[in-house]
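K.L.:
What follows is the residue order along each chain.
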Amino acid sequence: MPLLVVASSLLPGLFIFALAEDRVRTRTLLNMTGAVVKLVLVGWILWGVFHEHHYETRIPLLYDLEIVLRAGPLSLLFVTLSTILWLVTTVYAIGYLEGVPHRSRFFGFFSLCVTATVGVALSGNLITFLLFYELLTLSTYPLLVHRGTEEARKAGQTYLVYTLAGGALLLFGTVWLYTLTGTLEFTPRGIVDSLDSAHHPALVVIFVLLIGGLGVKAALVPLHGWLPQAMVAPAPVSALLHAVAVVKAGAFGIVRVVYEVFGVEFSTLLGLTTPLMWLAAFTIIYGSLRALYQDDLKRRLAFSTVSQVSYITLGVAVAGPIAAIGGVVHLVHQGVMKITLFFCAGNLAETLGIHKISEMNGVGRRMPWTMAAFTVGAFGMIGAPPVAGFISKWYIGLGALDAGQDWVVLVLAGSSLLNAAYFLPILHAAWFRAPPARWPKEHDFGRKETAWALLLPPVLTAAMALAIGLLATLPFSPLAWSRLIAAREFYQAW
Amino acid sequence: MDGLVTQLPWAIILILLPLAAGMACFVAPRIAGALGLLSVVAVLLATLGLGLQLASAGVYRHSIGGWGAPLGIELYADGLSLLMLGITALVGIGVSLYAGAYFTREQAGRFWPVWLFLLAALNGLFLVDDVFNLYVCLELIGLSAVSLTALAGTTAALAGAMRYLLATLLGSLLYLLGVALLYHTFGTVDISLLAGRVTPLPALWAALGLMGAGLILKTALFPFHFWLPAAHGSAPAPVSAVLSALVVKGSFYILLRLWIELYAPAGGQSAGLLFGVLGSAAVLWGSIQALRQARLKLMVAYSTVAQIGYLFLAFPLGGAAGYAWQGALYLLVSHALAKSAMFLAAGNLLRFGGHERIAHLDRVVQRLPLTVGAFAMAGVSIMGLPPSGGFIGKWLLLQTALSQGQWMLALVMVLGSVLAAAYVFRVLGHAFTAAAVPHDPIAVPLRMEWAAVLLAAGSIVLGLLAVPLFTLAGIGGFAGMGASLP
Amino acid sequence: MTAADLYALAGVGLVGLGLYALIVHAHLLRKILAINVTGSGIFLVLVGLSGTGPDAIPQAMVITGIVVAVSATALALALMLRLTALSGQAELPQDPDDAH
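Sequence order for the protein chains is A, B and C. Under this note's numbering, the very last position in the first sequence is 494; numbers go up by exactly one each time. Under this note's numbering, the very last position in the second sequence is 1486; numbers go up by exactly one each time. Under this note's numbering, the very last position in the third sequence is 2100; numbers go up by exactly one each time.
These are computed hints drawn from the structure, not numbers from a lab.
Once the Cα atoms are required to be at most 20 Å apart in a straight line, the calculated SDA-like pairs of lysine to any residue come out as: (1) A:K154 with B:A1294; (2) A:K356 with A:D295; (3) A:K154 with B:L1419; (4) A:K154 with B:I1358; (5) A:K154 with B:H1360; (6) A:K154 with A:Q229; (7) A:K441 with A:D295; (8) A:K356 with A:T375; (9) A:K441 with A:P234; (10) A:K154 with B:G1429; (11) A:K441 with A:S358; (12) A:K356 with A:P436; (13) A:K356 with A:W439; (14) A:K154 with B:R1426; (15) A:K154 with B:R1363; (16) A:K154 with B:Q1366; (17) A:K154 with B:A1435; (18) A:K154 with B:R1292; (19) A:K154 with B:A1422; (20) A:K154 with B:V1437; (21) A:K154 with B:R1357; (22) A:K154 with B:A1434; (23) A:K154 with B:A1359; (24) A:K154 with B:A1376.
From the derived model, a few chain A residues whose C-beta atoms are all more than 10 Å from chain B: (25) F15; (26) V36; (27) V37; (28) T57; (29) L76; (30) D196; (31) G263; (32) Y293; (33) R299; (34) A429; (35) R433; (36) L471.
Just so you know, even glycine gets a beta-carbon here, dropped at the ideal spot from N, CA and C.
Hey, can you work out the whole structure from these sequences and the hints?
P.N.:
Spelled out as structure tokens, the structure:
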């Protein structure tokens, strides 16, 4: 069954590659069908897991190593997020890339990218994770260099240098771990606690290798260098990469490694969580500081991502159950909020030719819905209730106090201030300043603000961000889900 | 039907069929293309037949003419032979499919007979079991390969072929001297008999040194790789594919057999260490040189130098517990498929643009998507990224190295993968980018593109076939493979 | 020391001479000759080591080797002639792989 979920985007993707460029309807049909089918399948699995069904697929790779796809609570959290956001992004991409050459190639790789992401989410052991993680690198590269300019090629080169080096670290760590433990299955509370203490120095190095490899995609400083450069890609790519696929895969991997490979107790025992905390905190502040100085809108959002994704790492590294809830749920929250922001940035670029913040004066009057969505997203980033971002920060802060790491609250507060410092001026300029006489490059959409396909997605995701925040106490919210995950890790396994 | 399949002398067919077909192609060049392709398909079927035979009856022995060892020629087929024969047949099909559309009528008349002779010699190499007949097969392979290299007729091709010929002859001669020593000391040339008789005498080590030197010269291990880039880089694309995928593997196969049957039991620690050092140097040097090349086929040739280095990393690891030999074999098999696909793809790109400058690959991803896709898939296997055969091989080697505490070797392996990624993606990056200098495109026959795609897809699919393949290769228990499966 | 041993030693000497000539000389004809001398040296070694008794195997090996050597020499000479016709000189070009 999990295999079907993976296949539901792989197969349409392969077909799309073969389509001629002008078969727009067929391509759109394939795209949307794949996305909807995947959503249905995920819904089925969710329902099944709720009723105590067990979904697992195992394919032998070597005699004692298998590819394992398994639907557990953490997997399902990420898979559901990916699937819903993929549907939305597909609609957006169809609208955004209207008239852009080589769309068949784009959507083919787009589908492969989602296949890889879903595979990452559903992996049941470290080698399956590694497989789909590298597949993610391979399938996102063509999207990044899609425009075919020299600039894109260089950005792609940088991307590869970082991600493939990270992949090498991950491989090294994984093989080494395998030679020590003989298994790579993701197990709550980890697989290494049965090793005797002579192996502890080796385990520390392995942890560093694994986190290093994952930290590249998760944009931990100093491994974040590829992310701002990747802004050269079309907006749907930035939206997908930065909200769902690549960055989240890295953060997700860190969650898996700390919780289900090493186990949080063992990690604390080895003294690994404290340096990780420091690194995450540093990244949070650094990313926000760099964001302050960017005039290019997408680059500012990129540095904001660098900062925000480390909340997840921070939540995990604080090594307490409450912080864990905050970190894990931020996977969802940050995804929804950031994708909104990128969609809006894309709208501004597509409709009015705006790329820089200094060009955004008064755009709120011209594109009210887009800017409204942007405002919701921005407030979420700052951590203002009732948008979802507030909840994750609250839990991380509370968890830090609970774990005796009071300084983390300062970091959170500082980060919120910085977020406000670089988002509020944008909002102020957009809503309260007078618009210029002419926009850099305007496309006329008649009475509409912009094309439907470009307008609906950000409005939808902004509404989702709001809803997730308001309805967080409901039993099926991402928050409740995260509580379940944390409980499994910290208390007796369910 | 089952009885019929296991009764036929598949081993003999595997050698005689391409030989006869080659002669027929020489005599009747008009039908050479069709006949050649047909006979390669027949070879694949014969290999399957041999596989069935081995699976049901175990290892296969046959004395030609009824004269057994030590005077007669004995054919011997076990799991390892089957693996090598299988890969030869598969690459052979891909290359034959490609060559049918690549060569002009006149060139085809010269290509097919020599290629089929080469195929016969390769099959023979994997089926004989005494050191002298191995020499004969080596020479046959060498001479055919040199002739194929010179096929293009340009000065560069001829120079490359000449250099190749001198190197390969030197290698064979050194090997022959080693054979002479072995025979003089132990009284037989049959490997199974020798395995029972060898003792650690100085003569054995001298023989190993000579044969080893000859074989690593023919396998192009650093620093004896000097002939390879010129030869593989200037030969026609299908020939380069065969050279990199199969010919250099033939001499490696001999080295592997001799090492495990004769030398390792007598204790070969320092030689293993030497191979490890040279292999590491090959991996690093070859990869760095590949990065520096401006021409596509030269880059692919240097990549071969690097990948061969990987094979030799198994020697220092093979002694202790682990999966070194399995890993090396899987790398060998995957590399054969991947590298042949890469050369065929390079041939397509050369035909398309009229040039092979990497920096001027003008957006070929859109105009030759199948070819670039083939190159990318082959690249994935060469880089050792999952899922691919290359990944399995590297995983096994890496696992063995780390469990034996060989940090330097593990580091070299990982570094080699990163460098491989660098040179593969350098090509792919330019394939996506518009170049400054446009060229008039020439159409590439679909057949040539699909040949590359199929071979490349094979190297990826290999990533999922490790379990059955290792079972198959374990027939006959070579290198303890049947007993301990990874 | 028997005559056979002398032959064997002479063979080793020939091998050494041939190897030296192969490496040192640039002219292709000399290289081909060097290979031939080396080959002959090895055949001498084979025969010399087998002693004076009737031993069929070394003889068979040498005969096969001679046949192979003749074919190889023929191929080498043909290549050399063609190369000389095309490039005007009977030497291998110095730097075959153009990295730039």
